Every structure is written in C-alpha cells, then in structure tokens.
Amino acid sequence: MAKKEFVLELKQKAKGLRKEILTMIYNAQSGHPGGSLSEIDMLVGLYYYKLKVDPKNPKWENRDRFVLSKGHASPGLYVVLADRGFFPKSELDGFRKISRMLQGHPELSTAGIEFAAGALGQGLSFALGIALAARLDKKNYDVYAMIGDGESQEGAIWEASMAASFHKVDNLIVILDKNQVQQTGKTKEIMDIGDVAAKWKAFGFNVIEINGHDMQQIVTALDKASKSKNKKPTIIISSTIKGKGVSFMELNHKFH
Amino acid sequence: MQEQKAATRDGYGKALLELGKKNQNIVALDADLSDSTRSEYFAKEFPDRFFSVGIAEQNLIGVSSGLAYSGKIVYASTFAIFSERAFEFVRNVVSRNKLNVKIAGSHAGLFTGEDGKSAQAIEDIAAYRALPNMVVLQPCDSVEAEKMVFVLSDYKCPSYMRLHRNPVPIIHNGDYKFEIGKGEILRDGKDAVIFATGTMVHESLKASSILKNENIDVYVVNISTIKPLDNKLVIELAKKTNFVVTAEDHNIIGGLGSAVAEVLSENYPCLVKRIGMQDRYGESGKPEELYKKYGLDAESIAEEVLKFVKKR
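Residue numbers (the working numbering), protein chains in the order written: chain E, 1 to 256; chain D, 257 to 568.
FYI, nobody ran anything at the bench for these hints, they're computed from the structure. It should be emphasised that the depicted structure is a prediction, and the values quoted were computed from it without experimental measurement. Check each hint, because a few of them may be wrong.
Unchecked claim - Under 10 Å between C-beta atoms, here's a sample of chain E residues computed to sit facing chain D:
(1) Ala-111
(2) Ile-130
(3) His-167
(4) Lys-168
(5) Gly-245
(6) Val-246
Quick reminder that beta carbons are idealized off the backbone N, C-alpha and C, glycines included.
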C-alpha cells in the first residue's frame, strides 16, 4: 500500500510532467497533447510505482513490459522515460524533428519503448504475444497495455481480448484510457463504445473501474491488477479527461 | 516410373514439425486453418508451443509479433488471401520492426481451384514485395518448401512464404540446398529464358519440352526467392537470350514479372513477356482447367515463346 505522502509526490510528479509534455509539443509545433495529458497520471503510477523496470538496463529480461497502443500519445510516455533516465532529457527537444531520436509515434530503437505504435488497434495483440512468451519462458513479468476509448472501435482490440481470455493470460493488464474524445469529436458521438465494463467482463476479464486522475485510485488499482492471478486477464478502465490540466484543452477534440 | 507428387503445404507442415523437435524456441500460430496449412502436425506434437487465435488474422499477426519480439522464432500460417486481411499489421508491426515472423500463406493462386475467386490470392506477392525488410518466397515443390522452413529458422527477419493446396511433381531430392536469393537453373537453353515461380515451374518445364520438339531451347529457371531477386542471374540470362519470359500464378502486376522487368529495365533492357493473370480474377474449376483457360498452362507458355521466336 502506497503511503499518502508518496501518492502526493506522484501527483506532483505528474503535474511537472504535464508541463514537459506541453513544452515538447510546443517545440515541435506538432503532436498530440490531449491523449498525453489524459494518460499521464496513469503513466506516473506505472513508471514511478508499479513497473519493475531498470532504466540502465532497458532490456532486462525479467522487466515488466508496458505497451502503449495509442501511440499518438507518445509525448506522455517520452517525458516519463526521459525523467526515469532511459534517455537524456535533451532528446525531448528533438521530438518529431528530422534526424532526431523521438519519432512522432514510438519506435523500438528508443530505449524503454516496447512497442512501435501509431496504427491503432495493434498493441493489445502484441502485448498478448509478449504475455504468452512469459508463460513459455516461465518468467514472472507482467505486461501492461494501454489502449484508448476511440481505439476500442478497432475490431482487432476485441480479437485480442477474446484470445487473451481464451488463453487464460493473467499476466496481461489492459488499461483503457477512457478520455471520452477522439480525433473529430466526442467518442459518444463518433461511435459510442457503450458499456465497456460490461463488454470486457463479457470477454472474460477482471474489470476494475477508477477515476484515472486520482493517484490514490491509480496505485490501488495497479496493485489489485498485478496481484490478480486467477487465470483471467484484467482491465483497468481509467476514466479520464482528454487534455486534463489545461482548461481550454479539456474535452476539446481540436487538441487531440 | 510413376511421378511423385506432393503439395508444398505438406512440405511446410512436415518441416515445421521436424524443426519443432530440434528447437524449443520455435512456436507456431494459425487462424483456424491448421488442418489445411498443415501446421496441425506441429500443433498436435507441441500443443504448448502452438497458439490458436481463431478466425482472427490481425490478431494472428499481432500475437506472432509479440512472441517474436520476446525472442521466439514464429511461424504464422493461414491462407494467402486471409493473410492479406492483416496486411497493415504485417506492415506496421512485422516489417517495420524487422520482427522474426515467418508468415506462410497457403492455397495461393488459381491453383487452389474449386473454391474460386475469393480464395485465389493473385496479389499477395505484389503486396508483400512492396514492404521493406520482407523476404518473399515461393517453393516449387514440397522438398523445396521443407528446405525453406529450415533455412528461415536461422534467418532473423520477416518473411512471407507462398504455399499451394494441390500436389505438384517433386523435382528436388533431399540433397537440394535452398539458399535465399538464389535462382536455380533447371534447364539450359539459348533462345529464351523462362523465369518461373511456384507451380508455374512445372508448366514451364513442360513448355520447354514442347519447344524442344520445335528445336527451340529455353532456359527454365526456378525463382523461389522473389525478393530479394537473383538480379545477377536474371541479367546474365537476359544477356544470353535477349528474350525473357516470366511465369507466375499471380497477377502480372507487381509479382515476379514486375520484379524481373524492374531489374532488366535498369540494367539490360530487353523484351520481357509476363505470363500470369492478366489483371483479372479467376473462377471455380479444376486447377488444370483454370490454367488452360487463363493462359497459364504449358501449351500457352510454349505458344507465347514460339510467337516471339518466329518473329525474330
């Protein structure tokens, strides 16, 4: 159980990283702030509390894996990885710029990146493959995959979820960053994904629902998910606000 | 002596099983076609290393990629046509990241026969050839298919292997050494060269016998690696004959014919006659009936060569 003071520190960390996200996107004059700001609290919970990772040895074989399937929200992940020391903070200036490391969407050549995303709907299948490899190799690591609510409109997400539960993969934890907005408007208006908790439950998942901007709820949910080894995969449905933290960006699809 | 026949998919399944016995790191996946692709031989022997994904090709490629990323040597099979359902997964996950996923697409081409248009993939070579990092292979008999499966296990890159439903003559013996990127001269000639791939190798061999009766000697070359193409051999034989024919059970756009024409247009421009599907789809029927109707049989190939040689 995380102490109150520690949770407060994580909250402060997320606040600082929000500024870095905005700075790097401003520098690039390109990129997606909305989804980065909605996911950042969860990423802080993962990278400063939950994940067993070693920035000095990014390919450590027993590490937990984090797959960001909603790859356009790369700035959120980049600021976290830089802050944790996977690569120098000076790289953040080069985001989306030619001949620099940090690509618009993540590439495997960047330290700490576990999935080359950019095309929605692909990361969950990939994460499932990694989770199955852990079983074959008799390793104890967990695989976390973050998807979006707009992304959940991709059929491949459901192909993967069906297979994860069929193969009884309980080292796979899906995080749905349910930020309510997608490229051209509100998810409810573009293609309502309906009662997602009921859907994932029906697909055989343990379902945990939280407010994805409440750090205490985040760390509690992550603990619960990682401890849950009941031959079922788990999903944390993290209700968030796209653009969270910047008043005029919040729930505004123009800042996708 | 009775000619021995087997389908290339049989070679695939047999070799995958053998490979599984030798190497614990081999895993296989299929999208509910393991009986047809013959990956079931492996599945039955190694249920822990075989993953069924159901009828879900995108997930087939996605899960295969995650396993490959984690160090597994992955063989993912389905029908050639359905692998195309997952094309963008292949592009953005497998080939973009150079992952060690060996895709096997069976039941390719008109040779599939009775199932008709929906099943007869005639664009798969073109599609996969356009992806950076991909090796594109098509064996001409079951022995070559077996060898390919083994060679690929040591080759840590993405590949697409095109397989066939129906039996074809076995022209290789067990000593045959398959090498990625090397064409194989099956018949020597002087008047023309036929670069053939897959099932069309057999039609081309028959065509060369027909032509022999007309005193025309043609090279017949088995191009089992379409990418990377054996440019050196293609250029060398074009120089020797000045008349190049390509033969494939695939659209003439984007396949072997295009690959050969691309190389020759930059290095040794000469006439290239592309035999294959003339930018249209097939239909139901027996493979030999379809080959005759769509101009892919030995007689049609011989006729095309004759037409040109007589003009010369």
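Right, here's what the structure says about each hint:
Evaluation of the Ala-111/E hint against chain D yields a violated restraint, the C-beta minimum of about 15 Å exceeding 10 Å. Of the supplied interface hints, the one on Ile-130/E holds, with its beta-carbon coming within about 4 Å of a beta-carbon of chain D, less than 10 Å. Using the Cβ-Cβ criterion of 10 Å, the hint placing His-167/E at the interface with chain D is satisfied: the shortest such distance is roughly 7 Å. With 10 Å as the threshold, the beta carbon of Lys-168/E stays out of range of chain D, its nearest partner Cβ sitting at about 12 Å, so the hint is violated.
Hint on Gly-245/E is violated. Least Cβ distance to chain D is approximately 31 Å, over the 10 Å limit. Hint on Val-246/E is violated. Least Cβ distance to chain D is approximately 30 Å, over the 10 Å limit.
Checked against the numbered hints listed earlier, the structure breaks hints 1, 4, 5 and 6; every other hint is satisfied.
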